[in-house]
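Engineer: Chains as they are written, first to last, in numbering that gives the first Met the number 0: chain A, 0 to 561; chain B, 0 to 317.
Any given hint could turn out to be false.
Stated by the list, open to error - Derived DSS-like pairs: lysine-lysine, alpha-carbon spacing no greater than 30 Å straight-line:
(1) K202/A x K20/B
(2) K547/A x K20/B
(3) K532/A x K547/A
Said to hold, decoys possible - From chain A, some residues computed to sit far from chain B (all C-beta separations above 12 Å):
(4) L51
(5) K119
(6) A222
(7) N249
(8) A255
(9) T280
(10) G390
(11) V458
(12) S468
(13) D540
No lab work stands behind these hints: they were computed from the structure. Just so it is clear, the structure is predicted and the values come from calculations on it, not from any experiment. Backbone N, C-alpha and C fix where the C-beta goes; we use that ideal spot for every residue, glycine too.
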Amino acid sequence: MSESSETIAIETAKSGSTMNTFQRIWEFIERSLVWGGDRLNPILVKETRQALKSRQFMVTFGLLLFCGWIWSILGVAMIGPDIHYGARGAEMFVGYYCILAFPLLVIVPFGAFRGLTSEKEDRTYDLLSITALRPRQIVSGKLGSAFLQMAIYLSAISPCLGFTYMLRGIDFPTIIAFLFYLILASAAFSMIAMLLSTLTGSKHWQIVLSVFVIGGLLCGFWAACVIAVESFDRGGTSIPIDDKWFWIGNAMFLTAYVSYFALVFLAAAAQLTFASDNRSTRLRIVMIVQHALFTGWMAWIWLTEHGEEEIALVYMILAGLQWYILGGLMTGETPELSNRAKRNLPQSLLGRVFLAGLYPGPGTGYMLAVTGMLSCVVMAVAALLVAEVIGSFGIYQFQRMSFDEAIKYIAIGYIGFCYVIIYLGLGLLLLRFVKRFTRPTILMAGLTQVALLMIGCGVPMVIQFSLVSLRNARYSLLQIPSPIWTLVYLIDRRGWRSEMPLLLIVLSLAAMFIFLINVPSVARQVQAIRVAKPKRVAEEDAQLDELKHGPQQPARTSPWDD
Amino acid sequence: MIDSNTMIEFRGLFRHFGQTKAVDGVSFGVERGTVFGFIGPNGAGKTTSMRILATLDQPTAGDAFVDGFSVVEDPDRVRHRLGFMPDYTGTYPNVNVREYLDFFARAYHLRGAKRERAVEEVMDFTGLDVLADKPTDGLSKGMRQRLCLGRALIHDPTVLVLDEPAAGLDPRARIELREMIRDLAAKGKTVLISSHILTELSEVCDTVGIIEQGRLLAVGAVDAIQHPRHKARQAKKVMEIRLIGDTQAAAEWLAANAQIEKPQTDGQKISFLFDGDRQQQADLLRAMIMADFQVESFGSRRQSLEDVFMQVTEGLVQ
Ligand SMILES: Nc1ncnc2c1ncn2[C@@H]1O[C@H](COP(=O)(O)OP(=O)(O)OP(=O)(O)O)[C@@H](O)[C@H]1O
Ligand SMILES: [Mg+2]
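This is chain A alone, in the form it adopts within the complex:
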């Protein structure tokens, strides 16, 4: 009796100690979960809680499982006894892929679009925007919940994907690659949808926009399905992981993807930022980094391709397009810097001149675009000269390059840049005129460029077709204002056209002229000088600093100033 009670006592003591370790581990886990949970984005936490209770989510999830199940049965029935011998995994995979693509490419991005819109409709956005959450946190919270939904849908279909792998006919890297691109597409769609939802506050435009978004997403979904079906139909059931160019292509694609994603992300956050804050500098830094990365990739390809001249043309045309679009949008910024933005301007004149392109304002945006394109010309010419020198010393052979050909290509690129400088400059002038009546917006700037382009290309074309003498001529100098016709004509046969010298002179002069007209307004923006922080702000900053670093040493002052 006493013995048994003793053993029980020992047992309990033992289990108590194991309990303790378990408890301690459990407590630790709990504590780290709480710690992590505290640092999670509040919006992510709230939307996850909401999603778990929402009917829409349950229905989508249920439908996904149901479709996966139906397809499994249908597929197995269709394949029949072949399932034991043939490698039919790829066919099954395409089905599951399309089933998964619908929630990922339509439902999740549309949810991201609605995320902000519905907050505005329910008037919770006001409440949210006056909390301590920064706009970037709001965007990343919404994005995070999109990713979470993707993960849940993906995990729902993953047993099916495992099944396709076991059927053979599709290898593991291919499955991973397809899912990876699908997730990238889903994230990109979500991000773009979110940016679109910040563009307008009015209900009518939101409705119009949502129709476009749904249409776009459905097209995206359809395209994804077609691509999958096509690529498997051609028998390409495995991706070429041994191919060097596969990886290089992917690296280039990812560079572009990440940089554009950052750009759109920051643009969406900037849309949500209060008006007096500097909403531009961060975006412009990303643009510059993007430009540098693009230049780097192009240089690398040019080197590995032993100086293929066409690369210079591709480089300049893509850069010109990029700066045309970004520059067009930047010219829609408000010309007046808020006092808040002026607090962080560079203090020296030199700093102001060299960093001008980074600070908000239409003129500085124009400067940035022009500088970006000029740097392209410099890079291209420099590459050419370097190649000549290196070639002549026999260090590295740019076999494919001919100096004369390359110069022609650079000239075509240069003409493209002249057009961009002219059109952006005209847009800037127009918007300055518009400013007398109403406050220009980014959207307005975009529309101005579209209108200018339509006039520049359309009017000369109409004139040419209505003149009997010119109707049958292919290209005439009447088309100088039309960048599209001119550039297509020049690029078409890639050779030296007789109009080239004239085009170079006329367009250079025009670009210079338009640029010079804009210089005074740009200069006015560059002249904006730093203003001191208001006293109260400086006080609080000092207080916060003290809290962070302890009391500060009084700054040493020179004995001469008092």
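Fit chain B with the ligands to the supplied structure of chain A, relying on the hints for placement.
Structural biologist: Below, chain B with the ligands without anything else, positioned relative to chain A:
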């Protein structure tokens, strides 16, 4: 800044919507720890000025300051110290009361035990603790108001801006709200409150401002506004007379008197503004009795906020 104790300051604030001048040059300050009542007819510009103060709207010109920080230049700093209760409740579907408050506590960067304590305290203070697990979009109007107040309080702001907090509350809840506001002021919070129910404001506010068509018509301590001594125009008393018999004739007789303004008949009661001292009051009574009016009662009434409001505003709607 007027001085470092001014927690809220409007400085020449304008907000125009096209032709509508919703706020038209408003300037005033509110001291720390006091309650300022904002009164005005519909469309006077109360909500508009409060939204600007809460950094939700941009002024056309001028600026407003919270604890010395401009709402235009430093809205981020203003947001930390300001709690705003709008005249609507933004609720989320599928979120219960506790989750709702928890979300906003997180949004104000409250963490761990601090956040839990903030949520508990606010639910306790507003009496929402019994509803903690109810979905927010199924709450009654009064409960929503409480939720909204709770949300505004979650980060323990020093300045509170409440836009018609009493709308839709039952009488008991109104009294409770009044006590809550007094509590908050006693804790050193500065409160800006707008309302249509003037008796309520007069009991809870230290200072009131009357606004109409975007312009501030009168500002001052409640007592000073009710008993203006210095301003001749407002040194009038509200008199009330009850009569037996023909009130109409009496009203006409009164209207002929130069010292009397705005006589109003209400059944057997006539009320009017009287411009004179106590001796002249007695003279008036004697004159009425001499004129054979059967006066049942005769007296001056303490001028209520409503009277001031009716005097100062003209009922113009823009
Ligand atoms: N977004 C807006 N667009 C156009 N006009 C507006 C807008 N907001 C307010 N107004 C106008 O500004 C004026 C003041 O409105 P506000 O809501 O500030 O009044 P209020 O004093 O709060 O009135 P109430 O007591 O009815 O709440 C009104 O004439 C209103 O029509
Ligand atoms: Mg209102």
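Engineer: Go through the numbered hints given earlier and state which of them the structure violates, listing their numbers in rising order.
Structural biologist: Violated hints (numbers, rising): 2, 4, 5, 13; every other hint is consistent with the structure.
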